[in-house]
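Assemble the whole structure, with the sequences as input and the hints as a guide.
Residues per chain are reported as follows:
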Amino acid sequence: MATYVLVHGAWHTGELLADVAAPIRAAGHDVHTPTIAGNAPGDDRRAGLEAAISSIADYLNENGLTDVILVGHSYGGMVITGVADRAGDRVRRLVYWNAFVPNNGECLNDMVPAHYVELFDAISGQSPDNAVMLPPPIWREAFMNDADAALADSAFAKLNPHPYATFTDKIALSKNPAEMDVAKSYINFTEDTALPQSLGWHPRLSEKLGLFRLVQAPGGHEVCFTNPGLLAEKIMEAGRD
Amino acid sequence: MATYVLVHGAWHTGELLADVAAPIRAAGHDVHTPTIAGNAPGDDRRAGLEAAISSIADYLNENGLTDVILVGHSYGGMVITGVADRAGDRVRRLVYWNAFVPNNGECLNDMVPAHYVELFDAISGQSPDNAVMLPPPIWREAFMNDADAALADSAFAKLNPHPYATFTDKIALSKNPAEMDVAKSYINFTEDTALPQSLGWHPRLSEKLGLFRLVQAPGGHEVCFTNPGLLAEKIMEAGRD
Amino acid sequence: MATYVLVHGAWHTGELLADVAAPIRAAGHDVHTPTIAGNAPGDDRRAGLEAAISSIADYLNENGLTDVILVGHSYGGMVITGVADRAGDRVRRLVYWNAFVPNNGECLNDMVPAHYVELFDAISGQSPDNAVMLPPPIWREAFMNDADAALADSAFAKLNPHPYATFTDKIALSKNPAEMDVAKSYINFTEDTALPQSLGWHPRLSEKLGLFRLVQAPGGHEVCFTNPGLLAEKIMEAGRD
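Chains as they are written, first to last, in full-length UniProt numbering: chain A, 1 to 241; chain B, 1 to 241; chain C, 1 to 241.
Hints were generated in silico from the structure; no laboratory data involved. The reader is advised that the hints may include incorrect statements.
[Claimed, not checked] Restraint-style ranges between C-beta atoms, simulated for each label pair:
| no. | chain 1 | residue 1 | chain 2 | residue 2 | range |
| --- | --- | --- | --- | --- | --- |
| 1 | B | L211 | A | K170 | 27 to 33 Å |
| 2 | C | I138 | A | N63 | 31 to 37 Å |
| 3 | C | N63 | A | N103 | 53 to 59 Å |
[As the list claims (entries may be wrong)] Beyond 10 Å from chain B on every Cβ pair, some chain A residues (computed):
| no. | residue |
| --- | --- |
| 4 | M1 |
| 5 | A27 |
| 6 | P41 |
| 7 | A57 |
| 8 | T66 |
| 9 | N109 |
| 10 | A155 |
| 11 | R204 |
| 12 | P228 |
For glycine and all other residues, C-beta sits at the position ideal for the given N, C-alpha and C.
Written out as structure tokens, the structure is:
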């Protein structure tokens, strides 16, 4: 039995990973799906990356979790990288699932094409609390390309405004991921176009990990909604020793 | 029920898409498979791109088709782009299936590696009516790589000489595809080597669409012959709202 | 009935391809799995590339094999290229399976990232007979990413120290593969990270073949261990006329 901690992406909460956690739990593992500070219903959307990372590091400490397989989705890659840097003794393996891989001093927006940064800047600029949302057509076409319209709509309704500072705050790391002394895996869903594939997740970001285990499967950025069972399987293939 | 118009590629006719149309029709949709001017048995092989585009635009008008999901294969991508530019009010979504995506002023040959242009120039130069054919070894290895020899041969026997001017005529568009106000999808079969994959369909040509929905599946350039059922499925995933 | 000769990769022997040969044999074909000079138990690890190539060319001659579908895995790509150059009249088709494709004057290390060359230099430098082994973490994460730990370990135990001169000897060819007058296929397993995918097998090395047939399937570098049945299928799709 292993301990999995699944860290969601931007606009999501831990709750939205329930269908992914269930089959991993059914396979005999302990599974946690905390919500990152800034994404829970009542949270202040002015939260930054430091608070986000601390909230998950604190979660591991408070629950006394060790030998953790720490899985991060998309923006969650920023968070698990920061957690590994400050609570590395609790982490057995990092698993990036179509996730950002930052080196010291990088922010999420540094890994995103310019037209997305402009769009996010404009949207958050209109927001009273520096929050950002995804325009529905981008969600439907580029994130939920493997869903039908009904699922794209129902999943969109579950998203929450995201604290934009977590995209613009530069991460502070004592070591870059490639130098971290922890096992690493990268799960790449091959139809994920949340980043344009010419500037995509894998191998562009995955190879920042140094030696890592690649796991791939068909699906878009939001397989937590479109194929949670397959995602659970791939997380276990990525997470096993 | 939606209306699908499937526009074939070079050397093909609409008739060769019958096995693709059937399962889409069986799912309740209206499906049309017109043959582009220049490709029907008696057509003059000196036809150019303008005539090709007009023939499909005329087809939509004459049949009073609206809200069309307009699907183009390979060279058919040139044609549907032109049709969307001049009859955009009839088109609900453009679906490119391993297809060329031209910007204003580009011709098909601008998107093809130099050694193919040289080969096509040489073959059409030998032809009395500026027609071009594919050499059988290229068809067998690079287009029908997922077929056995018998299917590669029987499908080759159904091809017709292609009007080469449609490869060299530059398209005239009032707007590039990325700026067109119509939904767009790109279907990429992942073993398609009709274009070398280092200079391939996706993401090189797909990303000229701006925001688009990616659909991928295993197969070569000619899944209309090697896996028409899977292709029909993917067309419906690409075409749905 | 066709004749298949399967040429293993570095650290392997022909014996390790038994589970791949069996289903090809069951489909009615004649299958040979010779061990390259330098890799058999008692062989001198100071063997070079010339001896390696000669050993397989001699095998074809001594067994009177003609119309051979000659399959090479990884390092085996160096060997089959050399065999085709000097015994091309015995070869019907070359099949590269995640294999190196050398032009005249290239060595295997010319196609490998610098950090692997440094690692191999260091390991072979420690060896009394210029042999090189793979460090277990690289084997487990980058070669056996699609295996569980038990299979990764049991397969590792079957490997043998590899004659490093075969990685540093430049191949002498009268013709580069693209110019060779023999049919060619490339099988690419899409999760193979033995080479980093940004500097990977396909299309970087496959396209050195000129016109070739692409066959792809899911799996890592060592599908001979993780999925021999699927590999056998793909070898037959790559090898048929």
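Outcome of the hint check:
1. B:L211 with A:K170: 27 to 33 Å: holds (29 Å)
2. C:I138 with A:N63: 31 to 37 Å: Given about 34 Å between the Cβ atoms, the range holds.
3. C:N63 with A:N103: 53 to 59 Å: holds (55 Å)
4. M1: holds (36 Å)
5. A27: holds (28 Å)
6. P41: At roughly 30 Å from the nearest Cβ of chain B, P41 of chain A sits farther out than 10 Å, so the non-interface label holds.
7. A57: Holds, since 36 Å exceeds 10 Å.
8. T66: holds (40 Å)
9. N109: Correct as stated: the minimum Cβ-Cβ distance to chain B is 19 Å, above 10 Å.
10. A155: holds (15 Å)
11. R204: It holds; R204 of chain A is separated from chain B by about 12 Å at its closest Cβ, greater than 10 Å.
12. P228: Given that every Cβ of chain B is farther than 10 Å from that of P228 of chain A, nearest at about 19 Å, it holds.
Taken one by one, the earlier hints all hold for this structure without exception.
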